[in-house]
Structures are given as C-alpha cells and as structure tokens.
Amino acid sequence: MATSLPIHPKNSISKEVLENYKAAGVDLTPYTGQELHDFRYELKEERAGRPLTAVLFEQDGKIVASHVVLPDASPGIFPIDDREGAMQGGE
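Each residue of the sequence shown is one higher than the one before, counting from 1 in the numbering used here.
Check the hints yourself; a few may be wrong.
[To be verified] Quick list of in silico lysine-lysine cross-link-like pairs, DSSO-like style, CA-CA up to 30 angstroms: (1) K62 x K22; (2) K15 x K62; (3) K22 x K44; (4) K44 x K62.
These are computed hints drawn from the structure, not numbers from a lab.
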C-alpha cells in the first residue's frame, strides 16, 4: 500500500515525530518541505505473534529512507539494515 507523505511543519509529521525517526536511525529531515511516498510491506518475521512491517520512503522513483516497524516495542522503529537490533528491540 502506498500513501503520499508530505514532510513539512504543518502536516501530520510533527517536529517531534521527525526527531523520533532520526533518533531511531531514520533521518527524514532532509526532505522537509517535500513530498515522499511510503510503501508498507508486511514481513514474514513475527514478534509477539504479529508480523513486522517494512516501510520504504520514495521520492522521484528512488528509495530515500526505510525502516522496520515492530509491534509492541519502544521505540518501535529500526533502520531496515539493522535486523539484529530490530529483532531484539524493546526487549
């Protein structure tokens, strides 16, 4: 599923959310004021009986950022290339 995600101060992505993404290793701040599309993919890996989700951010046909969403974890997002951290995150 793809959705449009404008990255600017007056939308649903607040400065706090951008800072949380950045702290988790996913820096979207270079795209402030621009529009990204996000694509979500349910993964085969599970945690607590629920599947993980991969999220890819695309702009002009190129993937510019990505992360994995973990159900029941805090912070709940990890860089997509940190498989070990993602599988152990929040434990």
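Results of checking the hints against the structure:
Of the supplied pair hints, the one linking K62 and K22 holds, its CA atoms being roughly 20 angstroms apart against a limit of 30 angstroms. With a C-alpha separation of about 24 angstroms, the suggested pairing of K15 with K62 holds against the 30 angstroms cut-off. About 26 angstroms separates the Cα atoms of K22 and K44, which keeps this hinted pair within 30 angstroms; it holds. Between K44 and K62 the CA atoms are separated by roughly 24 angstroms; this keeps the pair inside 30 angstroms, and the hint holds.
Comparing the model with each numbered hint stated earlier shows that all of them hold.
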